[in-house]
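Trainee: Below are the chains, spelled out letter by letter.
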Amino acid sequence: MDLLNALVAFANFVLIPATAYGAQLALGALGVTLIYGILRFSNFAHGDTMAFGTMVTILVTWWLQSMGVTLGPLPTALLALPAGIAATAALLLATDRMVYRFYRQQRAKPVILVIVSMGVMFILNGLVRFIIGPDDQRFADGERFIVSAGTFRQMTGLAEGLAIRTTQGITIVTALIVVAALFWFLTYTRTGKSMRAFSDNEDLALLSGINPERVVAITWVIVAVLATVAGVLYGLDKTFKPFTYFQLLLPIFAAAIVGGLGSPLGAIAGGFLIAFSEVTVTYAWKKVLTYLAPEGLEPEGLVQLLSTDYKFAVSFVILVIVLLFRPTGLFRGKSV
Amino acid sequence: MTRRDMALFALVALLILGTGFVQSWNSALFILNYGLISAIMALGVNMQWGYAGLFNVGVMGFVALGGLGAVLVSMPPVGEAWAAGGLRMVGALALGLGVIIGAIVLWRRAPAGRWRGLAMVGWLVAGFFAFRAVFDPAVQAIEAVNPAATGYLGGLGLPVLLGWPVGAVLAAGAAWVIGKTALGLRSDYLAIATLGIAEIVIAVLKNEDWLSRGVKNVIGVPRPVPYEVDLQADPGFVAQAEALGLDAVTASTLVVKLAYTGLFAVVLIALIWLSQKALNSPWGRMMRAIRDNEVAAEAMGKDVKARHLQVFILGSAICGLAGAMMVTYDSQLTPSSYQPLRFTFLVWVMVIVGGSGNNWGAVLGGFLIWFLWVQVEPLGAFLMQLLTSGMAEESGLRAHLMESVAHMRLLTMGVILLLVLRFSPRGLIPER
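Just so you know, the protein sequences line up as chains A and B, in that order. Quick note: the first sequence, position 203, residue 203 per our numbering, numbers continuous. Counting the second sequence from 1 gives a position; our numbering is that position plus 1000.
Chain A with its partners taken away, still in its complex shape (with noise of 0.2 Å):
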């Protein structure tokens, strides 16, 4: 029984790492869940844009480190990322611009924007392949670790070390600036209670004179502002593969969905409880158990629950649970 190797082990393997990914679904969610509150489609583009924005930002750090300019112990990846956002901010509104201006105008069914933005999504996809390739890009720098598992255990002693990457660190603290920011946005300035306003009652927005096409552009910058940085963070986390953000599509949508489409604190709720289900679910906890359990009890298996292959199972589930038991999700969500 070791109580306090048991809760290192614990935080090192299963809490930092779900709190980060969470964090990243977090953001991801945020900018579905906006297009939905005020565009009133599930965007399957998403995804490539997270990529798309990644892409960009990689491109303009491989430019800044060739020239020499770094972070110093951050990665440089945080000094390229308003160049991505920027990008990914006219990318998206040259594509409202070009596609979708023209059914919002028509007043198409949510479906067909659905299926216009999976055309989306293939251009995108072309476009990073395209551009970047389809292979892995790693593109961290900078120090690896704020705290490594040996200095941690020459500081307390113990047999168990807590490792926080400098990456995970940065994925915390910039997602709680980032929703910090967009909360007081949406709260507080004019801009953002003419968005809410027109995410709850459209007609009522267009009469008291709200510009619906400010309103959207508006939508747009966001996202991209939401949508490059969750995908930064998720590549230097771990690594940028445009095929594995096309597949996030699914852990993002089930977050947003579970939290309730269209409630931008739901989408947050959403991203920590999938991101925690699926690492601890995935998660060999024999290593914790170990150090719990009773001389002698100690488990035999690894006790994983499920094998990592299997994680999109874990959102899926509790996706279907979330629908079947309450539709609109935990936050009350609109359906339309």
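Hints may contain errors.
[Claimed, not checked] Label-pair distances were calculated between CB atoms; the ranges are:
{"hint": "1", "chain 1": "B", "residue 1": "Leu1185", "chain 2": "A", "residue 2": "Ser148", "range": "45 to 51 Å"}
{"hint": "2", "chain 1": "B", "residue 1": "Leu1185", "chain 2": "A", "residue 2": "Trp184", "range": "32 to 38 Å"}
{"hint": "3", "chain 1": "B", "residue 1": "Leu1419", "chain 2": "A", "residue 2": "Arg214", "range": "25 to 31 Å"}
{"hint": "4", "chain 1": "A", "residue 1": "Thr244", "chain 2": "B", "residue 2": "Ala1239", "range": "51 to 57 Å"}
{"hint": "5", "chain 1": "B", "residue 1": "Val1105", "chain 2": "A", "residue 2": "Gln247", "range": "31 to 37 Å"}
{"hint": "6", "chain 1": "A", "residue 1": "Trp184", "chain 2": "B", "residue 2": "Glu1208", "range": "46 to 52 Å"}
{"hint": "7", "chain 1": "B", "residue 1": "Val1090", "chain 2": "A", "residue 2": "Leu297", "range": "46 to 52 Å"}
{"hint": "8", "chain 1": "A", "residue 1": "Gly301", "chain 2": "B", "residue 2": "Leu1185", "range": "37 to 43 Å"}
{"hint": "9", "chain 1": "B", "residue 1": "Val1169", "chain 2": "A", "residue 2": "Thr244", "range": "31 to 37 Å"}
[As the list claims (entries may be wrong)] These stretches of chain B come out as covered by chain A in the derived footprint (C-beta under 8 Å, 3 or more residues):
{"hint": "10", "stretch": "1177-1187"}
{"hint": "11", "stretch": "1200-1206"}
{"hint": "12", "stretch": "1345-1352"}
{"hint": "13", "stretch": "1367-1380"}
{"hint": "14", "stretch": "1397-1411"}
[Said to hold, decoys possible] Here are the simulated lysine-lysine pairs, DSS-like style, with alpha carbons at most 25 Å apart:
{"hint": "15", "chain 1": "B", "residue 1": "Lys1305", "chain 2": "B", "residue 2": "Lys1180"}
{"hint": "16", "chain 1": "B", "residue 1": "Lys1206", "chain 2": "A", "residue 2": "Lys241"}
{"hint": "17", "chain 1": "B", "residue 1": "Lys1302", "chain 2": "A", "residue 2": "Lys109"}
{"hint": "18", "chain 1": "B", "residue 1": "Lys1206", "chain 2": "B", "residue 2": "Lys1216"}
{"hint": "19", "chain 1": "B", "residue 1": "Lys1305", "chain 2": "A", "residue 2": "Lys311"}
{"hint": "20", "chain 1": "B", "residue 1": "Lys1277", "chain 2": "B", "residue 2": "Lys1302"}
{"hint": "21", "chain 1": "B", "residue 1": "Lys1305", "chain 2": "B", "residue 2": "Lys1277"}
{"hint": "22", "chain 1": "A", "residue 1": "Lys311", "chain 2": "A", "residue 2": "Lys286"}
{"hint": "23", "chain 1": "A", "residue 1": "Lys241", "chain 2": "B", "residue 2": "Lys1216"}
{"hint": "24", "chain 1": "A", "residue 1": "Lys238", "chain 2": "A", "residue 2": "Lys287"}
{"hint": "25", "chain 1": "A", "residue 1": "Lys311", "chain 2": "B", "residue 2": "Lys1216"}
{"hint": "26", "chain 1": "A", "residue 1": "Lys241", "chain 2": "A", "residue 2": "Lys311"}
{"hint": "27", "chain 1": "A", "residue 1": "Lys286", "chain 2": "A", "residue 2": "Lys238"}
{"hint": "28", "chain 1": "A", "residue 1": "Lys238", "chain 2": "B", "residue 2": "Lys1277"}
{"hint": "29", "chain 1": "A", "residue 1": "Lys311", "chain 2": "B", "residue 2": "Lys1180"}
{"hint": "30", "chain 1": "B", "residue 1": "Lys1302", "chain 2": "B", "residue 2": "Lys1180"}
{"hint": "31", "chain 1": "B", "residue 1": "Lys1305", "chain 2": "A", "residue 2": "Lys109"}
{"hint": "32", "chain 1": "A", "residue 1": "Lys238", "chain 2": "A", "residue 2": "Lys311"}
{"hint": "33", "chain 1": "A", "residue 1": "Lys311", "chain 2": "A", "residue 2": "Lys287"}
Hints were generated in silico from the structure; no laboratory data involved. All values reported here derive from a predicted model rather than from experimental measurement. Backbone N, C-alpha and C fix where the C-beta goes; we use that ideal spot for every residue, glycine too.
Position chain B against the provided structure of chain A, taking the given hints into account.
Mentor: For chain B alone, kept in the frame of chain A given last:
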């Protein structure tokens, strides 16, 4: 069919014939055979989307399940593996099913309240561990049997043609489960649910080695048509080929492909006939009425949810059938080759471009888009060659552009889809 539709089909036929003359007859037949399979998939999706307005983005999963059906029926059984853990595996699967049914019964019968939820969670957790306790040793025993060559239970050793309906039934079963959960909710929810189930099906095929050999792939699925080597060894066949002025090797590959073409064409024609009959029957009119106005149809006493479930299962079964045919044609099941862009979204492009709600449109879209999907790559390479011919031979940009040509097809498909949706949203052969 109007004269315009005929002209469109003639155009596709010309494109395929042109491939035969310009490239080779082998590649023309390859496009034709896969076009037949794609047309069947498009028919299935058209049934769901065009007849009933159901948005299924899990086509890949149903196609893969169909392929699994073909493997499970046609591969020879591995006796040793069955002896090692076959019965235990069957027991484990029965136990898993029992746990789920038990949970449903518990939920329906027990009085509502906090205790019901707790009891069900307890039942499911206990059931999960009991299942794993029986399941894991069976998996280990089966996968330990000669992992390089088998390592799985094998199939039933029956003719592969029997696997086609079995594949359809497997896909239909999955569709039933999904439909029961997600139909009746909003349309996007069905989309996400099908997207999820497709990923899970592929994950199962990749990881459950005892079932499908996982990423080690099942190769050498028995064929319903003769093998090339047998034809080449047959003196009568060689003599006939020479009389036609062909060498025996080319002739044998062509004959095998043509035999497949015949088989697939029979299936496609039967399916078109059936779906045309269905579309023009009272049932088809009812489906379209439900699609166009659910509330009105419900007021007329139609059971919307049951009809949706029905058509969802039918469409998925057709996708499963196409999947089984594809595995038969390839003679192998390679789980890692199932990509959503290729198997789900491409089929959607086929349906939308061809004309949703029209069976002929879906078939036309299947052939046309498949042709483009195959030919955009050489065409793009040619164009890129032309565009970059002015650049220096060793230019890095040129090398990169030439290397990236392979991804042109995604871009092209996206552009085609958007253009059709914008300027001809009813497709090439619209519903009438």
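Trainee: Now, for every hint given, state plainly whether the structure supports it.
Mentor: Quick rundown of the hints versus the structure:
1. Leu1185/B with Ser148/A: 45 to 51 Å: Given range 45 to 51 Å: holds, Cβ gap about 47 Å.
2. Leu1185/B with Trp184/A: 32 to 38 Å: About 34 Å separates the Cβ atoms of Leu1185/B and Trp184/A, which means 32 to 38 Å holds.
3. Leu1419/B with Arg214/A: 25 to 31 Å: Since Leu1419/B and Arg214/A have Cβ atoms about 28 Å apart, the given range 25 to 31 Å holds.
4. Thr244/A with Ala1239/B: 51 to 57 Å: 56 Å, holds
5. Val1105/B with Gln247/A: 31 to 37 Å: 36 Å, holds
6. Trp184/A with Glu1208/B: 46 to 52 Å: 48 Å, holds
7. Val1090/B with Leu297/A: 46 to 52 Å: Given a distance of about 33 Å, which is not inside 46 to 52 Å, the answer is violated.
8. Gly301/A with Leu1185/B: 37 to 43 Å: 38 Å, holds
9. Val1169/B with Thr244/A: 31 to 37 Å: 34 Å, holds
10. 1177-1187: Holds: 5 residues of the stretch 1177-1187 of chain B have a Cβ under 8 Å from chain A.
11. 1200-1206: n = 3 at 8 Å, threshold three: holds.
12. 1345-1352: Per the Cβ count (4), the hint holds.
13. 1367-1380: With 0 residues close enough to chain A, the hint is violated.
14. 1397-1411: holds (count 7)
15. Lys1305/B with Lys1180/B: Distance ~9 Å between Lys1305/B and Lys1180/B Cα, so the pair holds.
16. Lys1206/B with Lys241/A: With a Cα-Cα distance of about 20 Å, the restraint between Lys1206/B and Lys241/A holds, given a limit of 25 Å.
17. Lys1302/B with Lys109/A: Between Lys1302/B and Lys109/A the Cα gap is close to 23 Å, so the pair holds against 25 Å.
18. Lys1206/B with Lys1216/B: 9 Å, holds
19. Lys1305/B with Lys311/A: 31 Å, violated
20. Lys1277/B with Lys1302/B: Within the cut-off at roughly 20 Å; holds.
21. Lys1305/B with Lys1277/B: Status holds; Cα separation ~22 Å.
22. Lys311/A with Lys286/A: 19 Å, holds
23. Lys241/A with Lys1216/B: 24 Å, holds
24. Lys238/A with Lys287/A: 23 Å, holds
25. Lys311/A with Lys1216/B: 21 Å, holds
26. Lys241/A with Lys311/A: 18 Å, holds
27. Lys286/A with Lys238/A: 24 Å, holds
28. Lys238/A with Lys1277/B: 53 Å, violated
29. Lys311/A with Lys1180/B: Satisfied, since the Cα-Cα distance of roughly 23 Å is no more than 25 Å.
30. Lys1302/B with Lys1180/B: 18 Å, holds
31. Lys1305/B with Lys109/A: 20 Å, holds
32. Lys238/A with Lys311/A: 16 Å, holds
33. Lys311/A with Lys287/A: At roughly 20 Å apart (the allowed maximum being 25 Å), Lys287/A and Lys311/A satisfy the hint.
Checked against the numbered hints given earlier, this structure breaks hints 7, 13, 19, 28; the rest are met.
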